[in-house]
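Enquirer: Heads up: the sequence lines are chains U and H, in that order. The numbering of the first sequence is the working numbering, which starts it at 1 and goes up by one. The numbering of the second sequence is the working numbering, which starts it at 1 and goes up by one.
Hints listed in this document are in silico derivations from the structure and should not be mistaken for laboratory results. Hints may be right or wrong, so weigh each one.
Unchecked claim - Heads up, simulated SDA-like pairs for lysine to any residue below, C-alpha to C-alpha not over 25 Å straight-line:
#1 U:Lys-133 <-> H:Arg-40
#2 U:Lys-102 <-> H:Phe-24
#3 U:Lys-102 <-> H:Thr-48
#4 U:Lys-133 <-> H:Met-198
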Amino acid sequence: MNVIETHELTLQFGDFTAVNGVSLALQEGEIFGLLGPNGAGKTTMIKMLTTLLPPSGGGAIVAGYDIVSQSAQVRRSTGYVPQLLSADGNMTGYENLLIFAKIFDLPTNVREERIQRLLEMMGLQDAASRMVKTYSGGMIRKLEIAQSVIHRPRVLFLDEPTVGLDPIARASVWEHIKRLRDEFNTTILLTTHYMDEADGLCQRIAIMHQGQLAAIGSPQELKASVNGGAADLNAVFSHFAGAALEATPGSYLETSRTRINARRVG
Amino acid sequence: MTDIVNPQNAPAAWLRPIEAIVFFIRKTLNIAEMEMRKLRHEPLDLLTRAAQPVLWILIFGQVLAGVRAIPTGEFGYIEFMAPGILAQSMLFISIFYGISIIWERDLGIIHKFLAGPAPRAALVLGKGLSAGVRGISQTFIIYPLAYVMGVKLDFNIFALLGTLFTVLMGAVLFSTFSLLVAIKVKTRERFMGIGQFMTMPLFFASNAIYPIEIMPGWLQAISRFNPLTYVVDALRTFMLDGGQSHFGLGTDFAVLILVAALFVWAAGRAYPSFVN
Ligand SMILES: Nc1ncnc2c1ncn2[C@@H]1O[C@H](COP(=O)(O)OP(=O)(O)O)[C@@H](O)[C@H]1O
Ligand SMILES: [Mg+2]
Numbered sequence: 001m002n003v004i005e006t007h008e009l010t011l012q013f014g015d016f017t018a019v020n021g022v023s024l025a026l027q028e029g030e031i032f033g034l035l036g037p038n039g040a041g042k043t044t045m046i047k048m049l050t051t052l053l054p055p056s057g058g059g060a061i062v063a064g065y066d067i068v069s070q071s072a073q074v075r076r077s078t079g080y081v082p083q084l085l086s087a088d089g090n091m092t093g094y095e096n097l098l099i100f101a102k103i104f105d106l107p108t109n110v111r112e113e114r115i116q117r118l119l120e121m122m123g124l125q126d127a128a129s130r131m132v133k134t135y136s137g138g139m140i141r142k143l144e145i146a147q148s149v150i151h152r153p154r155v156l157f158l159d160e161p162t163v164g165l166d167p168i169a170r171a172s173v174w175e176h177i178k179r180l181r182d183e184f185n186t187t188i189l190l191t192t193h194y195m196d197e198a199d200g201l202c203q204r205i206a207i208m209h210q211g212q213l214a215a216i217g218s219p220q221e222l223k224a225s226v227n228g229g230a231a232d233l234n235a236v237f238s239h240f241a242g243a244a245l246e247a248t249p250g251s252y253l254e255t256s257r258t259r260i261n262a263r264r265v266g
Numbered sequence: 001m002t003d004i005v006n007p008q009n010a011p012a013a014w015l016r017p018i019e020a021i022v023f024f025i026r027k028t029l030n031i032a033e034m035e036m037r038k039l040r041h042e043p044l045d046l047l048t049r050a051a052q053p054v055l056w057i058l059i060f061g062q063v064l065a066g067v068r069a070i071p072t073g074e075f076g077y078i079e080f081m082a083p084g085i086l087a088q089s090m091l092f093i094s095i096f097y098g099i100s101i102i103w104e105r106d107l108g109i110i111h112k113f114l115a116g117p118a119p120r121a122a123l124v125l126g127k128g129l130s131a132g133v134r135g136i137s138q139t140f141i142i143y144p145l146a147y148v149m150g151v152k153l154d155f156n157i158f159a160l161l162g163t164l165f166t167v168l169m170g171a172v173l174f175s176t177f178s179l180l181v182a183i184k185v186k187t188r189e190r191f192m193g194i195g196q197f198m199t200m201p202l203f204f205a206s207n208a209i210y211p212i213e214i215m216p217g218w219l220q221a222i223s224r225f226n227p228l229t230y231v232v233d234a235l236r237t238f239m240l241d242g243g244q245s246h247f248g249l250g251t252d253f254a255v256l257i258l259v260a261a262l263f264v265w266a267a268g269r270a271y272p273s274f275v276n
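Generate coordinates for the entire structure from the input sequences, incorporating the hints supplied.
Expert: In structure tokens form, the structure reads like this:
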């Protein structure tokens with residue numbers, strides 16, 4: 001069953017087309033990676049699917065609801081971890097979870113139990129009563145992921161979940177993403193510009209380039225589809241996008257944001 | 001607001017608006033609770049805000065009371081200005097409140113709330129209520145100070161509640177206005193510039209530290225369009241023993257509630273554009 005289905009999804013900023021006619025379908029329980037350089041349109045895709053941005057063309061069904069006409073239902077059935085930092089540094093980890101439990105209307109009797117379970121799952125019990133501004137980047141990411149699944153959403157959107165993290169923290173975030181899928185059968189759409197992340201974590205990936213999907217398939221399929229077979233996804237990427245990943249720089253603002261974020265998280 | 005109702009367990013049609021309102025209030029209180037929790041972690045924030053009104057009353061108030069330059073009718077000058085300074089203190093706290101959401105937007109916190117189920121206007125009003133609590137904290141500094149300076153305060157319970165409610169309404173009004181400005185200007189630098197530019201005219205084109213009657217005609221006209229004037233009028237009525245409303249409390253509250261509702265609605269509508 002398809003949990004996300006987009007049809008010719010398009011978004012224009014003025015006369016610049018950030019997302020250009022993207023059609024794709026995600027199955028229940030799948031971890032799907034949207035791979036592409038800065039500026040490819042990944043965040044814009046996610047903003048449309050989380051109802052933050054109304055599409056300028058095409059449409060999408062998320063968790064059974066239309067992103068335009070049923071946006072409130074979409075917001076209730078999905079979780080979202082934005083690219084930027086989103087936990088509140090001026091509250092404790094516990095309070096960050098509590099407020100989201102309340103906003104999503106969890107009944108009082110399940111609230112506490114679920115918060116404790118998530119804290120445990122993310123390895124944050126000992127830090128629960130500390131202010132989040134004292135957390136490390138990896139801890140913040142895990143708290144943000146915990147926040148975003150407190151209402152057990154069918155679909156989870158993770159925008160660059162490991163940007164700016166050190167290798168150990170990245171591996172730990174990957175583990176937790178997999179556990180969410182295994183335990184709750186959550187469908188996860190994540191974006192990344194790290195090839196190894198897409199390779200190790202996702203069943204299927206789509207390569208996004210200048211607002212369009214250049215290729216879609218499992219990492220193995222994509223590697224095999226390149227003439228003679230490619231050694232890694234970097235080669236796949238340059239094949240489909242017609243350029244090496246590093247050769248497509250993001251905008252000045254995007255670079256600045258990624259770095260600021262990396263500094264805060266890292 | 002119809003989109004709040006879940007189609008799977010849709011209630012009877014006549015219940016829907018009530019459910020939507022209850023839902024709206026609950027989400028507003030969730031946001032207000034969050035802001036209160038943050039405030040509890042930074043209690044010193046409130047104390048530093050107290051310095052300014054104390055200086056105004058002690059220095060400006062005593063000097064002007066001494067020269068008797070301003071005709072304030074049956075009240076002494078300190079008595080006349082004490083409610084005005086409470087209003088001013090509430091105004092300064094509220095008008096710079098918008099800076100906090102620019103900060104939160106730059107971090108990314110706002111995005112997650114906008115992708116959640118709380119109505120946008122509830123996100124705005126919840127923050128407005130927390131500005132109200134910050135404003136109310138100032139009454140606990142200004143009442144004792146005014147009392148010590150010999151101001152005859154009205155300690156009737158209804159008068160006290162009236163003061164708190166007036167400060168709350170004023171803070172909701174000016175803080176949501178501030179949020180609206182923040183959403184429009186988007187950057188901290190521009191916001192600070194505009195904030196400085198807004199506070200002084202709002203303060204001086206009001207009845208906070210002199211009666212409307214002694215203003216030149218054009219300023220009198222402007223002051224009647226200034227919501228702060230109605231805050232001060234209501235505060236003078238509630239705070240002072242024998243205080244009389246100039247416009248009538250009904251007018252004061254009608255103006256404050258209508259204008260605040262307008263700002264909450266407008267800021268809620270503009271909120272999503274803030275993250276794109
Ligand atoms: N609000 C906006 N106005 C104009 N252009 C934008 C806006 N947001 C993003 N863009 C542009 O759209 C393109 C895609 O951006 P984005 O989706 O953030 O890319 P990614 O997440 O893949 O790095 C970029 O070129 C970016 O500069
Ligand atoms: Mg991005």
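Enquirer: If a hint holds in the structure, say so; if it doesn't, say that too.
Expert: The hints, checked one at a time:
Note on Lys-133 of chain U and Arg-40 of chain H: the hinted pairing holds, with a Cα-Cα distance of about 15 Å set against a maximum of 25 Å. For a cut-off of 25 Å, the pair hint linking Lys-102 of chain U to Phe-24 of chain H stands: about 13 Å separates their Cα positions. Between the alpha carbons of Lys-102 of chain U and Thr-48 of chain H the distance comes to roughly 32 Å, so the proposed pair goes past 25 Å and is violated. For the proposed pair Lys-133 of chain U and Met-198 of chain H, the alpha carbon gap of about 33 Å is over 25 Å, so the pair is violated.
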